[in-house]
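Protein chains: 4
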Amino acid sequence: KMSKEQGYDVITYLADIGQDEDFEVARKKAEKLGAKKVYIEDLRKEFVQDFIWPAVQANAVYEDRYLLGTSIARPCIARRQVEIARKEGAEYISHGATGKGNDQIRFELSCYALYPEVKVIAPWRIPEFYNRFKGRIDLMEFAKKYDIPVPVTPKAPWSMDANLMHISYESGILENPKSHAPADLYLMTKSPKDSPDTSDELELEFQSGVPVKVTNTKDNTSKSSPLEIYSYLNEIGKHGVGRIDIVENRFIGMKSRGIYETPGGTILLSAHLDIETFTMDKEVRRIKQGLSVRFSELVYNGFWYSPECDYVRHCIAKSQENVDGKVQLSVFKGQVYILGRESPKSLYNEDLVSP
Amino acid sequence: KMSKEQGYDVITYLADIGQDEDFEVARKKAEKLGAKKVYIEDLRKEFVQDFIWPAVQANAVYEDRYLLGTSIARPCIARRQVEIARKEGAEYISHGATGKGNDQIRFELSCYALYPEVKVIAPWRIPEFYNRFKGRIDLMEFAKKYDIPVPVTPKAPWSMDANLMHISYESGILENPKSHAPADLYLMTKSPKDSPDTSDELELEFQSGVPVKVTNTKDNTSKSSPLEIYSYLNEIGKHGVGRIDIVENRFIGMKSRGIYETPGGTILLSAHLDIETFTMDKEVRRIKQGLSVRFSELVYNGFWYSPECDYVRHCIAKSQENVDGKVQLSVFKGQVYILGRESPKSLYNEDLVSP
Amino acid sequence: KMSKEQGYDVITYLADIGQDEDFEVARKKAEKLGAKKVYIEDLRKEFVQDFIWPAVQANAVYEDRYLLGTSIARPCIARRQVEIARKEGAEYISHGATGKGNDQIRFELSCYALYPEVKVIAPWRIPEFYNRFKGRIDLMEFAKKYDIPVPVTPKAPWSMDANLMHISYESGILENPKSHAPADLYLMTKSPKDSPDTSDELELEFQSGVPVKVTNTKDNTSKSSPLEIYSYLNEIGKHGVGRIDIVENRFIGMKSRGIYETPGGTILLSAHLDIETFTMDKEVRRIKQGLSVRFSELVYNGFWYSPECDYVRHCIAKSQENVDGKVQLSVFKGQVYILGRESPKSLYNEDLVSP
Amino acid sequence: KMSKEQGYDVITYLADIGQDEDFEVARKKAEKLGAKKVYIEDLRKEFVQDFIWPAVQANAVYEDRYLLGTSIARPCIARRQVEIARKEGAEYISHGATGKGNDQIRFELSCYALYPEVKVIAPWRIPEFYNRFKGRIDLMEFAKKYDIPVPVTPKAPWSMDANLMHISYESGILENPKSHAPADLYLMTKSPKDSPDTSDELELEFQSGVPVKVTNTKDNTSKSSPLEIYSYLNEIGKHGVGRIDIVENRFIGMKSRGIYETPGGTILLSAHLDIETFTMDKEVRRIKQGLSVRFSELVYNGFWYSPECDYVRHCIAKSQENVDGKVQLSVFKGQVYILGRESPKSLYNEDLVSP
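Protein chains in written order, with full-length UniProt numbering: chain A, 1 to 355; chain V, 1 to 355; chain U, 1 to 355; chain P, 1 to 355.
Chain A with its partners taken away, still in its complex shape (with noise of 0.2 Å):
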């Protein structure tokens, strides 16, 4: 708005990556504010495909234990974005991230990767802009004035990221690190009090390192495609799956305290620890794990496409090139349990095992 208001044309751009979002109600929102294009974009596929599937054979966890599920989102929203700003002869392009946080670097850096020529504003970087509004009231005033409405309210007193992979909580009353989270925080899965009292059972098939199909050795439900894969995992997580409670350090040193919940993201990773282990030398491994951590540390930080990730995400997909199997798994109350694991490409002996 405040972009129209200062005679650009603007072109809205929303990608739909699995958050839970009413995207008719942002379209219109966006043209009643004099958006002269509104794209919406589903890139749940390619989301799943391009960006999870990378970081399931990486097993990337930053800092020993965050999924990095809003850091491989930036990247795929970013490369959307480009390509509209491209198409559409765009020289500036804006983002809404904050001044203090990680994700106005990774979506910056992506930008700048993929489109070098092009300007990118941050509003909450601009003077006129952060003096105008200097905290929530100024900007709920604003709205209010030019009748845009606005997410945030009382009930939530601290902000979200949401997609496929995941959801992240943070700030607010989160912000001190004591303070525990409200039993009411979670949106993806349940708690592990309220989630079933039996366990699910799944059958998880890996090719090169990434999931090719999913059964339910319960009900014999299966699902082969990446995003029906994805889903069905976030589905199953619903047993409590994948929250964590941590502190991390962010690319500028600070520390911040997050609250995430990777329902299907858990569960995966517990999966491809098993096979690949099952699968790979052993050797190859330990490089592979050193390899997987500075590819962690690179996709938190936003350089998803730089030359070294480039180069790193290509050592590790040549490392899964044997990991192909199955494994078997029960899910409950939170837990993921592995109960065993079969390949035609497994380096296990049992004859020389046994004693």
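Because the hints were derived from the structure by calculation, they are not lab data.
Mixed in with the good hints, there may be bad ones.
[Unchecked claim] Each computed PhoX-like pair below joins lysine-lysine, with the alpha-carbon atoms no more than 25 Å apart:
id, chain 1, residue 1, chain 2, residue 2
1, P, K87, P, K119
2, U, K87, U, K45
3, A, K100, V, K282
4, A, K190, V, K238
5, V, K144, A, K178
[As the list claims (entries may be wrong)] Here's a subset of chain P near chain U, in silico, CB distances under 10 Å, partners left out:
id, residue
6, D64
7, Q207
8, S208
9, M254
10, L273
11, N349
Don't be surprised by glycine CBs; every beta carbon is placed ideally from N, CA and C.
Mind docking chains V, U and P on chain A? Use the hints.
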């Protein structure tokens, strides 16, 4: 017994590192078999302080999953055995590990590091021994002939290694990596299904990266000596915490399937990761994380007493100087949930974080 | 001068870290320009002991070739500058590094680490300054107007940084990476062609990884204080030792061509590598080698006073406890040849080696 | 000979990897001793292309100094030996390495990796052999008795390993790490004192990290096949390039003193480091540098044909895709001086650099 047959004076040594065993029965058995002297040594305190605590400081995990419960017990057992051997002037040290596993290596490396003049006898690698006892049946008959009580019964067709930190299960019917473990395998934890329907909540206090106090915030139980803290965490961990089923890479490359339960250690790993990230500089953490991977490999491979493991332990301990503070967590149905944390050494700055 | 024009009280500070400079001329120049106070500080001893020695222990080399002669001088200079600023109650600290290089970063990171309350002024990044002085000619005219003597003359169309450890040459005609450096560039060493036709032979004695004595075995010259040892090695290094022409990666990614001569440092690197491998356990060496790479990157990037650099320095120093012994070497026409070594802490076992 | 005494059919195999040897004499000697068949194989081309070139891409250096001239020859020799053994249906492979060095390990690891069904016979580890030949004198007498010519003469009281890449000298009078090597030891290079008083100047052209052309810019000599390039660099290296005297850590931990001369390899290392940094992204370089350290250790330890070495070679080769360009250098009195470089893939930006 066979040693005695061959004319050696035999001194037996049995370490109490927290396994569930009737030590008086063991003593009588040893005496009956003709041991000149029987040492039964309670090493539980030193096991916790000198071996488990450094592993906690390191967040020691082998191949991303195994908490090294057997690996860190070996150097503890060997240290005392060597002390006794020196005191008694023994020329030979014997052990019962088989010729295919890691333990023979761990044990022998430790002995030779601490007592280079001694000679280790590994019956399972002596032709005279392994030709006489080609399998379990020969051993059973030998035992029967000399009236030696034996622990392995048809009820548990796998082998176990138990101590204060964990129980491991492998071999026998578990050798097939596809076979699921039987539900009644576990001796240290309850199944999540059978574990309490209410959570336990703990506050764990750390100084220099090791726990100095645990308090159950529901019933105000509190423990503050190392052995008591660790034992209490094991008790709380009975909620089904710390069960894993993995295939791991042994030192000599061969893959092996193992099932482990490490209740207290799993709680401590979560809590330590939390307080460490809260109080440690980001880049120091990265460097220390790399050293910890190396530490875990060294310990797994039996090099506790090597110069490089000494060096890495020193560097890791140095990194823990400011790892002080309290972590609140809840334990429920196999899961550990971090709830909050506070520290006088916190590097977290609430003012910086807010957008 | 410009600072004074703007009404600040100016205190000037000049560090003697071994560069070839007429400090009395510098003092007069500063006084003439109106400095309220002039500090000229002889930091050569502390430069050797507190900065060069840790680099020797680390075998510090950036990108396999650069011995960090400029990088390790910055924190030495900044440390005293901050001491003076604190003593004088200065609110601002200024420096003359340009806006494209590493030195501005190194300098400012050091100042802020040691004196977080101060504000650093970098004239080359202030519009008022760089708009007024668009190039060398403007600066010359300003200097002429105020009668300020300037060092850059048409004779040397490149820039230099000199100290006890090295001289670096870059920019100007050296910027084209294909252009060969002129033969008369070097000020610290002779060309191998013009260097003596007989070798010098030295014995260097180390304790805890730092040299404690150097003896010329041909003429029995001997030095044993840090500054004398280092200065003497520089003298011997005049045989053309330590000249390199490289393209390196600056902190901010940009590549830069630099020519360096580091005579004493190059001799010490060879000798220390030798005595270290002789006295250090193989696996400790591997771990320490990894830490040294990190140390070199940190120092190059200006993080000498960071927590991670402190940590790495501590770990490296720990590794040096047994690095004692003597190395014999010869220096001739640009080369350092190790001839032999001996040590009370040697891990070399002649009996084992013979076949 | 002893093999024949024991009733085996003996096929002899001698690899020409560039050592200075009279192969016809060797053939006759083998025939005289009763070999059923004699293979003398010229492996020089494949040694350069398949073994030296990957080492150049990696900047392979063991423990910061040793260029691995012996280590990378072993897998080259073993590969052909295994081909011959397979073709001839040999059940056993024998070699002459002693029981204390690295070469037995390198050789046997290679054979078993390439031909798992074969059995390696190491005479120096067979009691029947080493009891019969307790020292050099027994061997000499055996040789005399059967009229076998032997190479070791009183003139050279040390052992040597020579190939196209280097000559190593160890044992004998060199075993004492303090003893200086005799001036007449070196066979491949001249002493810097005796080397030419004028430099040679070369331009080396690289594609994908390997040299494709060398030109002497003084006399316009030019070579462009791998073997010719490498041989020419050896010739130029006679200026005394690449002599080192080190103590290294063998695979099994023991320290060993070795003296090496690697003329061509040393020139290539300097040139490759230069063109690589010029054309490779900074962060990719850091990751690749870590992989190279691992590669060098693997090769030194004899794991050329292991899965992890394959993996690392693949990753390193990937990093070299843009390492194209020309390096100018001069060689004089034992030193290599880089003079300049240019590349179509240069990441150097002259505009950015100027202040």
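Here is what the structure says about each hint:
1. P:K87 - P:K119: 15 Å, holds
2. U:K87 - U:K45: Answer holds: K87 (chain U) to K45 (chain U) is near 22 Å, not above 25 Å.
3. A:K100 - V:K282: 17 Å, holds
4. A:K190 - V:K238: Given that 25 Å is the threshold and the Cα spacing comes to 23 Å, the pair holds.
5. V:K144 - A:K178: 61 Å, violated
6. D64: The hint holds - D64 (chain P) has a Cβ within 10 Å of chain U, the shortest such distance being about 6 Å.
7. Q207: Result: violated, 18 Å to nearest chain U Cβ.
8. S208: 19 Å, violated
9. M254: Holds - the Cβ of M254 (chain P) comes within 10 Å of chain U, reaching about 5 Å at its closest.
10. L273: Holds - the Cβ of L273 (chain P) comes within 10 Å of chain U, reaching about 6 Å at its closest.
11. N349: 7 Å, holds
Comparing the model with each numbered hint stated earlier shows that hints 5, 7 and 8 do not hold.
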